[in-house]
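For the record, the sequence lines run as chains A and B. Counting with the working numbering, you get residues 1 to 435 for the letters of the first sequence. Counting with the working numbering, you get residues 1 to 122 for the letters of the second sequence.
Hints are computed from structural coordinates only; laboratory data are not their basis. Among these hints, one or two may not hold up.
Derived Cβ-Cβ restraints for the label pairs, each shown as a range [claimed, not checked]:
id, chain 1, residue 1, chain 2, residue 2, range
1, A, Asp307, B, Gly62, 22 to 32 Å
2, A, Asp106, B, Ala18, 40 to 50 Å
3, B, Glu86, A, Asp307, 29 to 39 Å
4, B, Ala98, A, Val345, 41 to 51 Å
5, A, Ser347, B, Ser60, 25 to 35 Å
6, B, Asp90, A, Glu47, 42 to 52 Å
7, B, Gly21, A, Asp53, 30 to 40 Å
8, A, Met166, B, Ala80, 48 to 58 Å
9, B, Cys9, A, Glu73, 36 to 46 Å
10, A, Gln223, B, Ala18, 32 to 42 Å
For each residue, glycine too, the CB sits at the ideal point set by N, CA and C.
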Amino acid sequence: MPMLKPPPRLGGYPGKAPRLKRYSIVELARNARGHHEGWWEAWRSPEPKPRYDVVIVGGGGHGLATAYYLAKEHNIRNVAVIERGWLGGGNTGRNTTIVRSNYLQDESAALYEKSLQLFEGLSADLNYNVMFSPRGLLALCHTPHELREAQRRCHAMRLNAIDSEMVTLDGLKAMVPVLDLSGSKRYPVLGGLLQRRGGVARHDAVAWGFARGADAFGVDIIQNCEVTGIRREGDRVTGVETTRGFIGAGKVAVVAAGHTTTLADMVGLRLPIHSHPLQALVSEPVKPLLPCVVMSAQVHVYLSQSDKGEVVMGAGIDLFQSYGQRGSLPVLEGQLAAACELFPVLSRLRMLRTWAGIVDICPDASPVIAKTPIEGFYVNGGWGTGGFKATPGSGYVFAHTIARNEPHALNARYGLERFSGGLLIDEHAAAGVAH
Amino acid sequence: MLLITCPFCGPRDESEFACGGEAHIVRPADPAALTDAQWADYLFMRKNVKGVHFERWMHSHGCRRWFNAARDTVTHQFLAFYKMGEQAPDIAPVSYTARPAPRTDPALPADPALHTDREGAR
Ligand SMILES: Cc1cc2nc3c(=O)[nH]c(=O)nc-3n(C[C@H](O)[C@H](O)[C@H](O)COP(=O)(O)OP(=O)(O)OC[C@H]3O[C@@H](n4cnc5c(N)ncnc54)[C@H](O)[C@@H]3O)c2cc1C
Ligand SMILES: [Zn+2]
Chain A
1 MPMLKPPPRL GGYPGKAPRL KRYSIVELAR NARGHHEGWW EAWRSPEPKP
51 RYDVVIVGGG GHGLATAYYL AKEHNIRNVA VIERGWLGGG NTGRNTTIVR
101 SNYLQDESAA LYEKSLQLFE GLSADLNYNV MFSPRGLLAL CHTPHELREA
151 QRRCHAMRLN AIDSEMVTLD GLKAMVPVLD LSGSKRYPVL GGLLQRRGGV
201 ARHDAVAWGF ARGADAFGVD IIQNCEVTGI RREGDRVTGV ETTRGFIGAG
251 KVAVVAAGHT TTLADMVGLR LPIHSHPLQA LVSEPVKPLL PCVVMSAQVH
301 VYLSQSDKGE VVMGAGIDLF QSYGQRGSLP VLEGQLAAAC ELFPVLSRLR
351 MLRTWAGIVD ICPDASPVIA KTPIEGFYVN GGWGTGGFKA TPGSGYVFAH
401 TIARNEPHAL NARYGLERFS GGLLIDEHAA AGVAH
Chain B
1 MLLITCPFCG PRDESEFACG GEAHIVRPAD PAALTDAQWA DYLFMRKNVK
51 GVHFERWMHS HGCRRWFNAA RDTVTHQFLA FYKMGEQAPD IAPVSYTARP
101 APRTDPALPA DPALHTDREG AR
């Protein structure tokens, strides 16, 4: 992957011209001598300018990646990312960090595979360790029907040139010895679908790496600033009202996950997106136990082990709409029961924390990445329970959509027309479990 | 865990219920007369209120009957339960949007709709 381009030259830029100070072994040694108290700030916190070419609403991974690729790929640098809380404090910092591209439909396979490929070179590209760990991702099958579906998905993926293989019971036993393969369960494990290039990455680092990269190109990152209204003249947006005053904008791009519709409502745009809590939980740390990500759609849980040794678990959404960033206990009980069913060895593990994020669910479990009937207003939302893996790819194609005012080939099918045209990208079944 | 009052059975645990999403959506009388966009609106577009939401619930592990509820989607507090076919109760909307900063652009008149006093949780 290419390294970051040299620092941009920005005539008349208020404040210090940004410059990417690279992390290196030399800097590490130098800072070790100073007890690591002398590290510089990774990005600026500037006052908002009166006007930007592009204002991105939402400082999660997707918004920050959009800003980064706008600057890097399209040379659009007069950009602000506006975040109501702190960077990555939304779903980006709350997800279970699974990265994969094992989707059934061609449109999804292409988009998520692009993202996975960007992940593979991301640390080098950003000069920031996003701790991408392609440790493999195993989807378990518990019924003959599920096995056949997995086989079908395996073939579909291979036709799309994405690595995929079926794993037999012997293979499973060798890979994950703690998995209960006794066959005595209500839903016995019959086999698995493996994507070796899948895995996990450090979610905060993805947000911070993109923030730092975007900042170095001159993008202003403005935190603790909520967009409260969107100003329009006729059919065109002209800027955003915020808790820090009006900010003019040539284009406004909403990347606000669970809050997507609250922003679309400000311009009277109806979207097929509803917000639900998605919960996750993490255990006390234990010795290495899970060599790869394991997921089961049938008993519904997915698990991985963090580098610290904690078992990270998630499952399905709470079924009621919510903006409350918390869910109900029965959902957690269900996923813990599933985890113990698969891994009886986990039954005495104590849980450290549970939390929830507000995920943006679309009827076909695929996102909307599109320009809208309102000129200069772009939406990237509806990633639901599975958008972390798409962070770089989503930013890449959305930046293209904003810069050229037309979609990239990879998101051409992700417009709003698909709902009236009967062209849904149905990933409910293929996505298998929520993640 | 939510405590939900079925209008037929009384208060029960959330785990006895299924949530059916937005209430009061009326099936178009003559679907064939609709444009694709109108049909898509009926099928897919839903209110996603941050605040008071009118929604359907079903007492699936009880009397198996549908009913309506009004619920705040931030606090999760139920504000009303009522039967299918009944009018939605008159509940004042709540706004969770922060108060915007005073306008820095004097050229434009202040927009009173943006200056709500009901910011934040009640
Ligand atoms: C528990 C959980 C587990 C998950 N697990 C996985 C997984 O394993 N793999 C996977 O691929 N995906 C997973 N996901 C989904 C993934 O987290 C999201 O799809 C993805 O992170 C969305 O990124 P984002 O940048 O669009 O959203 P966010 O990170 O939520 O960013 C949106 C930002 O917009 C801001 N915002 C909202 N309204 C406004 C406003 N009015 N003004 C200014 N700012 C505003 C918010 O504060 C927020 O920071 C999971 C999600 C959850 C909740
Ligand atoms: Zn009942």
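So, going through the hints one by one against the coordinates:
Roughly 46 Å separates the CB atoms of Asp307/A and Gly62/B, a value that falls outside the hinted 22 to 32 Å. A hinted range of 40 to 50 Å for the beta carbons of Asp106/A and Ala18/B is inconsistent with their spacing of about 33 Å. Taking the beta carbon of each, Glu86/B and Asp307/A are about 55 Å apart, not inside 29 to 39 Å as hinted. At about 47 Å, the beta-carbon gap between Ala98/B and Val345/A stays in the expected band of 41 to 51 Å.
The given range of 25 to 35 Å is respected by Ser347/A and Ser60/B, whose C-beta atoms sit roughly 29 Å from each other. In this structure the supplied range 42 to 52 Å holds for Asp90/B paired with Glu47/A, their Cβ-Cβ distance being about 44 Å. Hint check: Gly21/B to Asp53/A, Cβ distance near 39 Å, so the stated range 30 to 40 Å holds. Distance hint check: the CB atoms of Met166/A and Ala80/B are about 52 Å apart, consistent with the given range 48 to 58 Å.
Taking the beta carbon of each, Cys9/B and Glu73/A are about 58 Å apart, not inside 36 to 46 Å as hinted. Checked against the given bound of 32 to 42 Å, the beta carbons of Gln223/A and Ala18/B, roughly 39 Å apart, stay inside it.
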